[in-house]
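Asks: First to last, the sequence lines map onto chains A and B. FYI, in our numbering the residues of the first sequence are 475 to 749. FYI, in our numbering the residues of the second sequence are 102 to 411.
Be aware that one or more of the hints could be misleading.
Unchecked claim - Residues from chain B shown here face chain A by an in silico Cβ test under 8 angstroms; the list is partial:
1. SER125
2. LEU323
3. PRO324
What the hints assert, rightly or not - Stretch by stretch, here's where chain A covers chain B in the computed footprint (C-beta under 8 angstroms, at least three residues):
4. 170-179
5. 379-392
In short, the hints are calculated from the structure, not lab data. Heads up, the beta-carbon is just placed ideally off N, CA and C, and yes, glycines get one too.
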Amino acid sequence: MKKKGGIGTYILLTLISIYCVFPFLWMLISSLKPLDEIRTKVPHFVINHPTFTNFTKVLFDAGFTKYIRNSLIVSVAACLLSLLIAVCAGYVFSRYFRLRVVKYSNFFMLVSQMIPGVLLLIPLYLTMKMFGILESYLSLILAYTTFVIPLCTFMMSSFFDTVPIALEEAAELDGYNKLQTLFKIILPISIPSLISTALYAFINAWNEFMFGYVFISSEDYRTLTPAIMLFKGANTVDWGSLMAASVIAIVPVTLIFLLLQRYFLAGLSNGSVKG
Amino acid sequence: MDNSKKVRRFGFLRTRKQREISFSVGMLLPALIFLAALIGYPLVKVIHDAFYNVNLLTSTSAGFAGLGNFRKVIADPNFYPALRHTIVWTLVSVVGEYVLGLGSAILLNKKVKGRAFFRMAIFIPWLVPIIVAGMTWSWMLNPDYGVINYFLTHLGIIKEPINFLGDTHYALGTTIFVNIWRSFPYYTISLLAALQAIPDDLYEAASIDGAGKFNQFLHVTLPQLRSVSLVIVFIHLIWTSINFDFIWVLTQGGPNYATETLPLMIYRYSMQKFDVGAASSLSTMMLLGMSLLFVFYYKFKSKISEETIS
């Protein structure tokens, strides 16, 4: 019997929601304000002369269209790559967990999940330098993929646990080999968990800051998050444009999330509880 | 006849098992290569470099340094303040996130209209890039034009605008506050899932036994949340203590090192002073600390699962 929420519940929930959402509202309002309305002692919610100059300035003068493209390339590539790897590894984790080699790999993955990127920053930087892939999409794609592999694998494997083995036995009788079974029989019914895993990988790559900041110094390959940081360094006072850049950076993740939140939340709690 | 059948069956089993092993290895290989190359190898390298004189610019001068790097780091006048900041930053953040996360999860677990809306609103901070969260809050906290200082002075809570991120007294507290804002939704979602999994008859039994609301919470809800709580608190102790982005975006460790934590020190050693040896020894110390944390976590976890079974 769930208790019905009283008026107090609603008030508290509203307060918490305001706390969570207000910064975005303020970001949006500020991004649409002209400069003289930004720099006033008394901030207003109503914009007298709404304008898109901040957006056009950021997008075309500050080169953010390029940064958005870079971020998209890196995030989509990292997302697809980690999905493919996680599907293969997750399937084995789910079906052959008794094998010793699988057990060891599982442990290895659990441990790697615990090791934070910042502690490995220097050797990663040097490794990328050694392979000559600093200043390229590849360095970021590889780094982002690696650090989401463990969680994505756990998310996929806990989904595969729920797929009945009978399905595979039937496919085997029909003469499918294991790979065919996985890709032709199991994956088509796994769309929801594929979506949630892919979303996690995409959002993680899209939001990442440190590797993008350290590995890339040329503008040609710079991604969105370091670009915002550097833009701030160069224009400390131009808050309108900074807020416009921030709005641009959160549009894709927010849209994706609003459309697909059901999948995302379920997958996330599966993966984290298991990991 | 009997014998041959047996042999055939065993032979079949063996090849089947071999097939399974080779299939598994093949499927795991991409993941293992990635992890070995980009986590395993760098990990070994960090621990190795901690004991050598390595410089990013002149990478040839790699003499054995013994514990020299560790001594250098510990003797750094910023080390103890940074250690203290890291501990305060981590503990206060995690406690605040847990309290707020649990509170909001309990509220969301009640029968409320528009639960989907509230859940979405609460989850949004966790989705956005840390850089955006940091940028927006720096703007709102701005001493000259910031909306928060305006509200606070207008409501008479403070007399003068406060430079929240630029004043050594407030900077660390402010970064913690912003970090809690961004991280607590993850607790909400995990704890909400766990709350929804608690069977109703536990509450019924407790209320038949005469337990009031508070006692039900204490003796039914909290114990049921123990293992989820352990996992998320442990993950966040690590995620928070090693967080670089948030503080870098908000204050870059300033003003006057008031928000400098150990990950920022690692960054400074490696990317500003190019002293890979010192950075690696600090990383190694943090890894050691995390391993200790992991041992505690593991002990707690096995204790909890033992108690649940018995």
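Asks: Next, verify each hint and record whether it holds.
Replies: Here's how the hints hold up against the structure:
1. SER125: Because about 5 angstroms separates SER125 (chain B) from the closest Cβ in chain A, which is inside the 8 angstroms limit, the hint holds.
2. LEU323: Violated - the Cβ of LEU323 (chain B) stays beyond 8 angstroms from chain A, reaching only about 17 angstroms at its closest.
3. PRO324: Since the shortest Cβ distance to chain A is 17 angstroms, the answer is violated.
4. 170-179: The restraint on the segment 170-179 of chain B is violated, since only 0 of its residues have a Cβ under 8 angstroms from chain A and three are required.
5. 379-392: holds (count 6)
Comparing the model with each numbered hint stated earlier shows that hints 2, 3 and 4 do not hold.
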